Amino acid sequence: MHGRSCSQSGMRKRGPVRLFGLAALSILFAQGAAAQETLKLGISAPMSGAAATWGLGMEWAAEQAAERINAEGGITAGGETYMLDIVAYDNKYSATEGARTAQTMLSRDGVKFIVGSIGTAPVRAMQALTERQGVILFNTAWGKSVKGPDFPYTFTQMNTPFEILEPFYSFVKEQHRDIKTAVLISPNDATGQELEPLAIETWKSLGVEMLASDWYERGTTEFQPIATKIASLDPDVVDFSAAPPGDVGAILKELDVLGWDGVKVMSAGTSVDALTAVAGAAAEGAYLGASADFDGPTATEVQRKLNAGAREAIGEPLNGITISSYDAIMALRSAIEAADSVDPAKVKGVLPTVRFESSYGPSGFGGEALYGYPQQMLLPVIVTQVKDGKPVELTRANPAELDALLNN
Amino acid sequence: MELFVQLLANTLQIGSVYVLFALGLTLIFGVMKIVNFAHGAFFTAAALVVTSVMPFAMDTLGLSLPASYLLAAIAAFAVVLCIGAVVFNFGFQYVLKDLNGSFILSIGLLLVLNGIYLAIYGGAPRSVPQVLPDTINIFGAKLTEQRLALVIISIVVTGGLYLLIERTRLGLALRAVAQDQEAAMLQGMPYRRVALYGFLIGAALAACAGVLMAPINAVTTVSGDEFLIKAFIIIIIGGLGSVAGAIVGGLFIGMVESVGGYFFDPSTATLTMFILVIVFLLVRPQGILGNAD
Numbered sequence: 001m002h003g004r005s006c007s008q009s010g011m012r013k014r015g016p017v018r019l020f021g022l023a024a025l026s027i028l029f030a031q032g033a034a035a036q037e038t039l040k041l042g043i044s045a046p047m048s049g050a051a052a053t054w055g056l057g058m059e060w061a062a063e064q065a066a067e068r069i070n071a072e073g074g075i076t077a078g079g080e081t082y083m084l085d086i087v088a089y090d091n092k093y094s095a096t097e098g099a100r101t102a103q104t105m106l107s108r109d110g111v112k113f114i115v116g117s118i119g120t121a122p123v124r125a126m127q128a129l130t131e132r133q134g135v136i137l138f139n140t141a142w143g144k145s146v147k148g149p150d151f152p153y154t155f156t157q158m159n160t161p162f163e164i165l166e167p168f169y170s171f172v173k174e175q176h177r178d179i180k181t182a183v184l185i186s187p188n189d190a191t192g193q194e195l196e197p198l199a200i201e202t203w204k205s206l207g208v209e210m211l212a213s214d215w216y217e218r219g220t221t222e223f224q225p226i227a228t229k230i231a232s233l234d235p236d237v238v239d240f241s242a243a244p245p246g247d248v249g250a251i252l253k254e255l256d257v258l259g260w261d262g263v264k265v266m267s268a269g270t271s272v273d274a275l276t277a278v279a280g281a282a283a284e285g286a287y288l289g290a291s292a293d294f295d296g297p298t299a300t301e302v303q304r305k306l307n308a309g310a311r312e313a314i315g316e317p318l319n320g321i322t323i324s325s326y327d328a329i330m331a332l333r334s335a336i337e338a339a340d341s342v343d344p345a346k347v348k349g350v351l352p353t354v355r356f357e358s359s360y361g362p363s364g365f366g367g368e369a370l371y372g373y374p375q376q377m378l379l380p381v382i383v384t385q386v387k388d389g390k391p392v393e394l395t396r397a398n399p400a401e402l403d404a405l406l407n408n
Numbered sequence: 409m410e411l412f413v414q415l416l417a418n419t420l421q422i423g424s425v426y427v428l429f430a431l432g433l434t435l436i437f438g439v440m441k442i443v444n445f446a447h448g449a450f451f452t453a454a455a456l457v458v459t460s461v462m463p464f465a466m467d468t469l470g471l472s473l474p475a476s477y478l479l480a481a482i483a484a485f486a487v488v489l490c491i492g493a494v495v496f497n498f499g500f501q502y503v504l505k506d507l508n509g510s511f512i513l514s515i516g517l518l519l520v521l522n523g524i525y526l527a528i529y530g531g532a533p534r535s536v537p538q539v540l541p542d543t544i545n546i547f548g549a550k551l552t553e554q555r556l557a558l559v560i561i562s563i564v565v566t567g568g569l570y571l572l573i574e575r576t577r578l579g580l581a582l583r584a585v586a587q588d589q590e591a592a593m594l595q596g597m598p599y600r601r602v603a604l605y606g607f608l609i610g611a612a613l614a615a616c617a618g619v620l621m622a623p624i625n626a627v628t629t630v631s632g633d634e635f636l637i638k639a640f641i642i643i644i645i646g647g648l649g650s651v652a653g654a655i656v657g658g659l660f661i662g663m664v665e666s667v668g669g670y671f672f673d674p675s676t677a678t679l680t681m682f683i684l685v686i687v688f689l690l691v692r693p694q695g696i697l698g699n700a701d
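These protein sequences, in sequence, are chains X and B.
Be aware that the first sequence starts at 1, since it is given in our numbering, and climbs by one per residue.
Be aware that the second sequence starts at 409, since it is given in our numbering, and climbs by one per residue.
If we strip away everything but chain X, and leave its shape as in the complex, we get (with noise of 0.2 Å):
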C-alpha cells in the first residue's frame, strides 16, 4: 500500500514533466520533419567492367548536384523541405542486374526517383517494376522501346542515336568526302540491337556502303579475329555503334597492329581518357558522338567546375553519359516545384512541359512526335575528336525544339 501511494505520488509530480517532455519532442520532431526529410535518388549503372567510368561518372555528378541543391536548402514541396541523398548500384549492363538493382532501390531503399540508369537492357528490366510501381526513371538507354506513351514514368537524360546519328555522321562524311565504305560492329545487346538498322540507315542515305556490321559480346577478351577482318576488308570507316570506350579502345589497338588508318567513329564516344588508357595513340583522330570537351570554350560555367571537380575526384573528366545525372536532378527538382508534391504521379505530369537550367543551358523535354510522348531531355548533339589524346569539340547542333524553347 505504502508502495502504491509512492507510485502514485510520484506518477503525480512526474506527469506534468513528461506531458512537458513528450510536447517538447514532438515540437523537435515536427520541426525536424520539416527541415531534414529526406528524398532518396537511386542510380542504376555499370561501376565495374569495360562500362565502369560510365556508371562511376554519373554517380559522382548525381552527388555533385545533390550537394549543390542540399547548401541551397534543398527541394521545397508541399510545405516540406527535402533534402537530397544519392543510393548507387552496380547493373554490370545486364539486364539481371537492371531487375536486382531496380528491386533493391524500390523495395529497401524506398526510391522514387531513379535519376540515372544505363543500358537498354538493364533500363528494359527496370522498366518492368518502375512503370508498374509508379517511380520516374530518368535513363541514358539508347534503344527506342524503352519509350512511347506506355512508358509515362520514363524520361532520356542524354541523346540517344536517334538524336545523334544523322548530324554526327553528315559532320564525318563533310569532313572525309571520299569516304564510301564502312564496317560496323555492335555489341550483341539490346542497345546494339536497336542502334545496327538506323546505323546502317544512316551510313546509307548518306552514301556510304557498310561492307560487314558485325557483333561480339561484352565481356569480350580478344578482339585480334574482328580486327583481322576489319583490316582485311581495309573499309574506309569503322564505326563501333555502342560499344563502350574499353572495348574499342581494345580493337583500335589491335588495328593499328594490323596496319588499318581509316576514320574511326564512335557513336557512343563519350570518355577520351578511358579510350587512350587502352588504346594510346591508336586512338588518335576518333571521332566521338557522345562526349564534349567541358573544359573547352563551349563549356558552361557549371560543366567546367564539374569537370575539374572529377578529374580530382575520380581521375576523369566528364562525358555526356556522366553529367546526364546531374541534369536529371536538375529537371527533378524544377519538376517537383512545379508540382508541389513528391509524389512521381504528379512530378511525371509536369515533367514533359517544365523548363529547368541543364548544366548546358536552358533546357526542357521533347520528342514527342519521334517517340509518340514528349520524354526526351533536349541538348545540343557535340561531336569531338580525339587530338593529342584529348577530346576537341568540332561542332554542336541544338535539335528544332531546343531552338524553340531557347527562341521563347
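In short, the hints are calculated from the structure, not lab data.
Fair warning: this is a prediction, and the values are worked out from it, not measured in the lab.
Computed from the model, here is a short list of chain X residues facing chain B with C-beta under 10 Å:
hint, residue
1, 46
2, 92
3, 215
4, 219
5, 231
6, 232
7, 245
8, 246
9, 253
10, 257
11, 259
12, 278
13, 314
C-beta: ideal position from N, C-alpha, C; glycine also.
On the provided structure of chain X, position chain B as indicated by the hints.
Below, chain B without anything else, positioned relative to chain X:
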C-alpha cells in the same frame, strides 16, 4: 597465305593464354577433385597487382620499364601464392574431393575476392604500358613483340609444367594422387600437402596468365571471370583433369575464336563454343583426352 598465317598467329596468341589458365584449373581438378570457380580471381589479382606496382616502380622508384614489369611480376606471384595458401588452409583443404562443398566455397570466395578487388581498385579499366610495343611481321602475320613474348613464355611454362609432372618426385606424387588418392596415401604420400602444392601450382599458372595479359589488355576487377568461362569450355572439351587435354582444348578454342571470329563474327564464335560443349557432353563427356572414369 598471309591470311592463313595471320589466323594461325591469332590462334596461338589467344590459345596460349587459354592454355595457361586452363592448365591450372585442370591441375587443381585432377589433384583435388574440385572445381574451383574462384580460379579467375587469381588471374585478376595478378593483373591488378601489375597495374599498381608498375607505375609505382617507374614513378616512385625510378626503375626502367622492363625492371618495373619484372618487379611487378614478382609481386603478383607473391600476392597470388599468399592468397592461394590462405584460401587452401582455411577453406579448400576441408572440401577435398567434395564437389558440392567446393562449389559453394569457391563461388562464395569468388564473390568475396571480387568485392575486395572492387573496393581496393574501383571498377574502371586499368592499363600499363607494353614492355615490347613494336610490331613485327612473321611470314605476313603482324603481331606485337609483346604478344610474341607471351606465346613464347606460355610455351616455356607449359613445357616446364610437363617436365615437372613427368620428371620430378612432386610430379609423380601429383600424378599418383590424381590417379588414385587412397592408393597414394597407402604408399605414404601426404595427400593434403600434395594437394596444397597442386593448388599453388594451379594458382601460379593463373597468375602467370594474368601477369602476361596485364600489359596487353585493359584490366578490370572481373577480368579473370571472362577467362574462367573459356577455361571451363576448354577443360570440358579437352578432358577434365587432363594436362594434355587442356593444351589441346586451349589451342582448339583459340582456333574457333580466331577462325570463327574472322569468317563470321565474335558472337558467332562464342556461340559455336557453347554448342561444341553441348555436343561433347552428349557424345564424348570425358572430352578429347579425358579418362572415361
